[in-house]
Amino acid sequence: RKEVEQDPGPFNVPEGATVAFNCTYSNSASQSFFWYRQDCRKEPKLLMSVYSSGNEDGRFTAQLNRASQYISLLIRDSKLSDSATYLCVVTANAGKSTFGDGTTLTVKP
Amino acid sequence: EAGVAQSPRYKIIEKRQSVAFWCNPISGHATLYWYQQILGQGPKLLIQFQNNGVVDDSQLPKDRFSAERLKGVDSTLKIQPAKLEDSAVYLCASSQDRRYIQYFGAGTRLSVL
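Chains U and G are the protein sequences, given in the same order. Numbering follows my numbering, in which position 18 of the first sequence is assigned residue number 18; successive positions increment by one, without gaps. Numbering follows my numbering, in which position 73 of the second sequence is assigned residue number 1073; successive positions increment by one, without gaps.
Chain U with its partners taken away, still in its complex shape (with noise of 0.2 Å):
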């Protein structure tokens, strides 16, 4: 089993849609937590911190749900420009991080 498992989709939704992505990790130790977005050929950059009160940024929301192991992420009013690859990120002590293998949404018009 993987450290941290994402389903891979991909996900192919109009334009305005609400999307959201599921990720889970088997280290309870874990105390970091984060989904960084990653564009076709290019390095993956952060999208937002994931904090156990559940957090939002614009139209994203994160939410960590530290009994059962389980990250979110939620978009909401899809736009063109959100299509690219989601890696769900868990990092342990000193930093370690894993990276789960990405989720690809594709948004149409």
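These aren't lab readings, by the way, just hints derived from the structure by calculation. Heads up, a few of these hints could be off.
[Stated by the list, open to error] Listed next, the stretches of chain G that the computed footprint assigns to chain U, with coverage defined by at least 3 CB atoms under 8 Å from CB atoms of chain U:
| no. | stretch |
| --- | --- |
| 1 | 1037 to 1043 |
| 2 | 1046 to 1055 |
| 3 | 1103 to 1113 |
For glycine and all other residues, C-beta sits at the position ideal for the given N, C-alpha and C.
With chain U fixed as given, assemble chain G onto it according to the hints.
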């Protein structure tokens, strides 16, 4: 602020040859990471440095891969000898503090023929 610099951007070699990648992190970032990303997969951590000390290299194939970070700034990753399965993008990242938010370079795309 300058980002993470990596070179070269592309490299094509034949199997059994050697290759080296270079990374210059963001100024002041103590932690430096090297990742291998195979097409269709997420980045896999190869080695993590804190200043010039190794924090984690558990997934580094030490029979052929080596990395160093002299003076706690620039880093090089070497593969010797390369195998076909080493074809991937090699990403360098750096982070500043205990939040461990990582900033990535553009990567080096390696093709082993």
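Here is how each hint holds up against the structure:
1. 1037 to 1043: Check passed, 4 qualifying residues.
2. 1046 to 1055: holds (count 3)
3. 1103 to 1113: Coverage by chain U holds for the stretch 1103 to 1113 of chain G (5 residues, Cβ < 8 Å).
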